[in-house]
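Chains H and L supply the protein sequences, listed in that same order.
Using our numbering, read the first sequence as starting at 19 and increasing by one per residue.
Using our numbering, read the second sequence as starting at 23 and increasing by one per residue.
Since the hints were made in silico from the structure, they are not lab data.
By construction, the Cβ of each residue, glycine as well, lies at the ideal position given by its N, Cα and C atoms.
One or more of the hints may lead you astray.
Derived contacts from chain L toward chain H, CB cut-off under 7 Å, selection only [what the hints assert, rightly or not]:
no. : residue
1   : 49
2   : 71
3   : 112
4   : 125
5   : 164
6   : 168
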Amino acid sequence: MTELKTVGQSVIRKDVWDKVTGEATYADDASLPTMLHMKMVFAETPHARIRKLETAAAENHPGVVAIFTAKDLPSNVMGMVTQDQQVFCDEKVRFEGDQVCAIVAETAAQANAAAKLVQIEYDDLPVLDSPFQAMESGAALIHEDKPGNLCHQVRLRVGDADAALAEADVVIEREYFTPWQEHAYLEPEAGLAYIDDEGRVTVRASGQNTHDDLRQICAALDLPEDQVRVVYGAIGGAFGGREDVSVQIALALAAWKLQRPVKIRWSREESIKGHGKRHPITIRHKWGARSDGTLLAAKTEVITDAGAYNSTSSEVLTNFYYAAIGAYQIPNVSMDGFSAFTNNVPGCAFRGFGSPQATFAAELQIEHIAEALNLDPVTIRLKNCVRDGATIATQSEIPPGVSLPALIEACANELGAEQKGNGWEMPIVESEKPHKRRGIGMAAGMKNSGFGWGFPEGSEARVVLHGQADIERVELFTAAADCGQGAHNVLAQVAAEALNVPLEVVETVTSDTATIGDAGPASASRLTIFAGQAVKQAADQALEKWHNEDRPAVGGGRWDAPLTTPPDPETGACFNSITYAYGVQAVEIEVDMETGEIEILNIVAAHDPGRAVNPQQVIGQLQGGIIQAQGWALTENFLSQGGYVQTDRLSTYLIPTSLDAVSEIKFVLLEQPDTIGPYGVRGVGEIGILLLAPALVSALHDATGVWFDRIPLTPERVISGLQTA
Amino acid sequence: MNTMKINLIVNGQSRSVEAPPGKTLLYLLRDDLDLLGTKDGCREGECGACTVLLDGEPVNACLVLAGQVDGREVVTIEGLSQNGHLHPLQRHFVEAGAVQCGFCTPGLIMSSAALLEQNPQPTEEQIRHALVGNLCRCTGYTKVFEAVQHAAEEVDRD
Numbered sequence: 019m020t021e022l023k024t025v026g027q028s029v030i031r032k033d034v035w036d037k038v039t040g041e042a043t044y045a046d047d048a049s050l051p052t053m054l055h056m057k058m059v060f061a062e063t064p065h066a067r068i069r070k071l072e073t074a075a076a077e078n079h080p081g082v083v084a085i086f087t088a089k090d091l092p093s094n095v096m097g098m099v100t101q102d103q104q105v106f107c108d109e110k111v112r113f114e115g116d117q118v119c120a121i122v123a124e125t126a127a128q129a130n131a132a133a134k135l136v137q138i139e140y141d142d143l144p145v146l147d148s149p150f151q152a153m154e155s156g157a158a159l160i161h162e163d164k165p166g167n168l169c170h171q172v173r174l175r176v177g178d179a180d181a182a183l184a185e186a187d188v189v190i191e192r193e194y195f196t197p198w199q200e201h202a203y204l205e206p207e208a209g210l211a212y213i214d215d216e217g218r219v220t221v222r223a224s225g226q227n228t229h230d231d232l233r234q235i236c237a238a239l240d241l242p243e244d245q246v247r248v249v250y251g252a253i254g255g256a257f258g259g260r261e262d263v264s265v266q267i268a269l270a271l272a273a274w275k276l277q278r279p280v281k282i283r284w285s286r287e288e289s290i291k292g293h294g295k296r297h298p299i300t301i302r303h304k305w306g307a308r309s310d311g312t313l314l315a316a317k318t319e320v321i322t323d324a325g326a327y328n329s330t331s332s333e334v335l336t337n338f339y340y341a342a343i344g345a346y347q348i349p350n351v352s353m354d355g356f357s358a359f360t361n362n363v364p365g366c367a368f369r370g371f372g373s374p375q376a377t378f379a380a381e382l383q384i385e386h387i388a389e390a391l392n393l394d395p396v397t398i399r400l401k402n403c404v405r406d407g408a409t410i411a412t413q414s415e416i417p418p419g420v421s422l423p424a425l426i427e428a429c430a431n432e433l434g435a436e437q438k439g440n441g442w443e444m445p446i447v448e449s450e451k452p453h454k455r456r457g458i459g460m461a462a463g464m465k466n467s468g469f470g471w472g473f474p475e476g477s478e479a480r481v482v483l484h485g486q487a488d489i490e491r492v493e494l495f496t497a498a499a500d501c502g503q504g505a506h507n508v509l510a511q512v513a514a515e516a517l518n519v520p521l522e523v524v525e526t527v528t529s530d531t532a533t534i535g536d537a538g539p540a541s542a543s544r545l546t547i548f549a550g551q552a553v554k555q556a557a558d559q560a561l562e563k564w565h566n567e568d569r570p571a572v573g574g575g576r577w578d579a580p581l582t583t584p585p586d587p588e589t590g591a592c593f594n595s596i597t598y599a600y601g602v603q604a605v606e607i608e609v610d611m612e613t614g615e616i617e618i619l620n621i622v623a624a625h626d627p628g629r630a631v632n633p634q635q636v637i638g639q640l641q642g643g644i645i646q647a648q649g650w651a652l653t654e655n656f657l658s659q660g661g662y663v664q665t666d667r668l669s670t671y672l673i674p675t676s677l678d679a680v681s682e683i684k685f686v687l688l689e690q691p692d693t694i695g696p697y698g699v700r701g702v703g704e705i706g707i708l709l710l711a712p713a714l715v716s717a718l719h720d721a722t723g724v725w726f727d728r729i730p731l732t733p734e735r736v737i738s739g740l741q742t743a
Numbered sequence: 023m024n025t026m027k028i029n030l031i032v033n034g035q036s037r038s039v040e041a042p043p044g045k046t047l048l049y050l051l052r053d054d055l056d057l058l059g060t061k062d063g064c065r066e067g068e069c070g071a072c073t074v075l076l077d078g079e080p081v082n083a084c085l086v087l088a089g090q091v092d093g094r095e096v097v098t099i100e101g102l103s104q105n106g107h108l109h110p111l112q113r114h115f116v117e118a119g120a121v122q123c124g125f126c127t128p129g130l131i132m133s134s135a136a137l138l139e140q141n142p143q144p145t146e147e148q149i150r151h152a153l154v155g156n157l158c159r160c161t162g163y164t165k166v167f168e169a170v171q172h173a174a175e176e177v178d179r180d
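For reference, chain L alone in the conformation it holds in the complex (with noise of 0.2 Å):
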């Protein structure tokens, strides 16, 4: 199969890869770059557990060709906690209990902070559709809604 070298930034570091140019991001994360908490629930663009930024949107990694991400920038959700220091989201997703079986989190997460970023402050229902694209089959999302609201409180704050 003919491959090509991509070069991108994931999690603020450069990296490049020679992976085939129809490999979904998706995999090319998992397999070549071995960051695994980027999840593979449905290859369709359905569940969102594989949620990632890309270019700062939130994308379905399993929705987005190698080819296309050369010289992109992506952030998964093992680029969110910086210097060490969790996001907010992701204490706040721990607090409020919006975490049970968390195969969905990572990509809920994601999708929440893309949301913060372009609206710090949204209400409920902004939230609701910011994740209409992230399916959780644990919490019934009420936690999670609180998770947003509370990070969205403490980074309002800051």
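Isolated chain H (complex conformation) (with noise of 0.2 Å):
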């Protein structure tokens, strides 16, 4: 590799001083004089008409300034993708955490209890609380234009499934289902708006790209895009769950209206009703092999359920194209997926963005056909998966500098297996305890970085330099959201390195919408790919014209990634993606036969960032990964009845903590730089929590002799699975 600087260094974060002094800037933790304050007012019934919306008691309360309902918006609808729910209803309710209306009042408490005296008045109607339910002929409509309360539709054919399978060696059917899974970010829902020197409409939140929440103000206030402004603080964390709006638009049409700024934060209760969840997903795969474990066919099924709204089902469901068969090369491919309407609260973008799912379901599969085989983990995984020059389910060749084969050998190694022959024997575990039992499993995966798909792909970013012979000052601007992961550090490094000078110098200037145009959002694995090529573009050009001897020399504009294709309706054919997240884990853990409780004892996880930036913060993403997925593995139990959530609470909801966090994970890093990326960057912040769910089902397995099908692992369900085997 090419000797850098500042790229490849742990340096340290300069966002992190501030934030454990407890100078950082949350959103609920910035205020303006004469400021009023917001209580939004939910559904609380997940399907139903409103008949009648009375807030005259509430306009009434004491402090009570004003109170927002659907008139008051030009245009009262919103969405990211589709334009599909209403800011605020006014004829039906689709999930609990629909909003109804805002109260402002003078203080907190008053907004609290007048929104307490608004009364709703609704005639109830059928609540399906499941994709299957919803999609049975006859059932309610949820959305009167979407007929059999269909969000989306794949479809996929490649070669001939069926002729294949009918010659395969082995074939094995099963039925997986992977749950809701809640964000559970530290920081709830908050913002505040307030119109500017400028006179704009500005809203200070929390969110993953300040440009979509602008763009979205702007529709629903019907304001050209001059007169909004949207500001990122400091993030308590978003893992997906800040990719749809929450307050911005009630709290920018507030201060629009009144003229005054005007705050809100929500409470955990409203946070985890109000905002969206891992899509639960059940994916029905028959796959078969020849003898020897190469695969012949996969014939899938996958049903979503979207929810309330769109949000992003349909392009969550639309990953499945590539990841329905997991990180493997099978000819023969017919899949059908489906994504469903229900009165549960939306399906959204979480972390992986439907990989964690499908490769749950895929990994199972390969363990499934290497035990009927008496094939081991490594052997059955090197044989089929991609590779440079590998055709994908899409038709489409993955882009070079596949590293798969070479983490699933890096892994294996350092877990301890041995190549022997025409297989590799796996290190054999046992518990010294009579009542616990030790097993060991693996998983490999890869995650699309960026949008794909033929969504345009791009980032701006704006760099200037000052100083006269020397430059001895940078300004960096990118709209990137920072959400906790390290972004606007990252892209600093960037910045140095292409300028050649030290970090320090580099200032930024960040998530501010009068400031920058759009970077694309933080999700995908995107930002220090496509945000970092705008910024190392802007670098360039400003250098440039520093050596023309512009003082200041300013840098910048759109970088416009290369294209992909959308998929073709009915085969799914498509270039959809221009670069991979690689990796693979394996765990070691011990179950306790009696109680059903899984401890895990170790993990090893092999990935590719490419070049990492920060190898500190890259560590820090996959471990932030793995842990998230020992949570929707093992603990994050999330249940939702009748439409109602239940766990409602981080008492209820049981995210891991410091003594459930494994001791040991080691860690493999393999820099084989991609082509998209400056330096060879590849996206890290999704490939971690692919692989830990379907690894520990398979370890159990391993332990036990017994297969799950679903998760989490509770101590129940493993005592109940080990009873009914």
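Each chain sits in its own coordinate frame; assemble them with the hints.
Written out as structure tokens, the structure is:
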């Protein structure tokens, strides 16, 4: 690799000094004089027609300044992909977290008290709380214009799956289910809206893309983009859950109408009920292989619970075109996917965007085939995994630089597996305790970075160089959202590298639509790659102007990524993605055969960041992803019944604690540069979360001989599974 | 609403606040004393983002009422650095990469500070137990344990 100075160094993030002293300003930490307080009134019923909305008593409550309802918005719709959601519902509500009106009062206590006086009279409608129920003929329609409650459908056909299955030596047919996952970012939704010095309606909140928020606010308020401004301060985690707007439009509306600052903060219960979740997905696989382990065919059905609105359900399902068969080459594939509307909380983006669910099912299929053919987990993966030159399910060639085979071997070696003859011998692990058993499981996967599927992809940035003889100060403007992942610092490292200046002279001016154009969202493992290229391009341009004696020297604009193409509706054929992240993980567990409790003893995580811009932060992303996967697989049991969320608190929805965190993760980082990102970087934001859940199920099978097809592996589920096996 | 005068020492300074006795210490700190480093993550004592020291003991400020802190001493994240110098925990959290979104960080640092006061050389197991009431969704905790251990080594050397 080329010798680099700043890229590749685990430099300390500039933004975290304020976070350890309490000075960092999160959405709820900003205040202004004469500020008013907002309280949202939620539907609190999952499916009903609004007969009457009575706000008079609330209006008369002391301190109440205004109540905003549907009639106050010039265009009462929102939605990132399809505008199928009302900002304030005035006809019907489709899940309990729908917003009906917003109370604005002089104090938060007054707004809260007044909200209780709002009376909504409903005519209840049948509640559909599962996608299967929603797709039954004759089911009530959640959206009148969506027959069959179908939110989205995908169809992929390559080769002849039925014929190939008929010729296969082994056929494995199983059904898998993966549940909701709550993002549980530590900072609940909050925000402050005000009119800025230039008369713009300004919203300061936590999100994943200032410009997406801006576009949705402008559309709802029917205001031009130069009259609205969105600013992010410190953001308390996101993980996909802040891609959709939550409080932004209501806040903007109130500040615009009242010409006074307005603040809101949601409680944890409001946050859990009010924002989307990782989609629950049922996957039915029928895969066939030759006796030597070569995969021949996959016939697959995918059913996802979209919840009440599309959010990004259509795009999550689209990702199954490539992800349904995991990171493998299968010449004959038939896949049908359906996403159905229900009266549950909407499914939305969550780290991995469908890939954790797809990987779970695909990796277990591989394990079952290996078991049937008496092959080891390493050999079957090496035999079938994607490699350079491979054609994937979308009938396109995978972009070059596929590091998966190398990662499988690296993970196996680190685990202590040994190559012997035609196969690999896995380490044998045994518990010393009579009531406990140990086992090892492995999983491999890939995750596309960036939007793909024909959506234009790119990012804007601007670099300004100050000084006379030498560059003394650099301003880097980017709207890239730093949700905690360290994007701002990584982008500053890219700028420092491109300019050949010390990182200390780079000042970042971030996440303010008034200062810079769209960087695209903090999603899809994309910022280091795409915002990174925009920053590098801006820095290169600025440097050229600097050499031409411009003072200050300014470079920047939009960097456009190479194009992808949309899937063919009949076959799914397309060039879906220009870059992937790869990873392989193995886990050793100990299971208590009497209680069903699973303890993770150690994990090996082999990943390829292409080029780690900041190795410490790369490890941080992977560790964070792994423990979120641990929560999803073991303890996070999100419950909803009849459209009502049962686990709306952190005392009932159990994310991993310091006692749960696995003590030993061995990381193996192979840096095989990619061709798309600056300096060869790949996205690492999501890949870490894809692999642990299937690896845990395989380890549990290794320990007990019993297969599980769904998570979370709560002690109750494990005991019940062991008893019925 | 009835209010009472509450006298307390916050970060070494005597403060007097007129507040309803049922107001939580969390919002006494945030709204009345403008100490915003103490975070509201759940209001039920689960997440620990509001951890402060009350007479030296770590407590969830969301579960303590204003009326209970009259005459007592509170230390928040803003009071941890002394004479302009960061507490070793603050520096080691930064250096170890133990901070991502940072919303849980003040609470984690306050719980860690209480631990090191009582046990200057904790084992990793003891650190895990001391931090079990502080949820972090970003880091996976490993780097947090490292940071506390590094800070303990430094405190021990001094």
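Worksheet item: Okay, which hints does this one fail, numbers in order?
Response: 1 and 6
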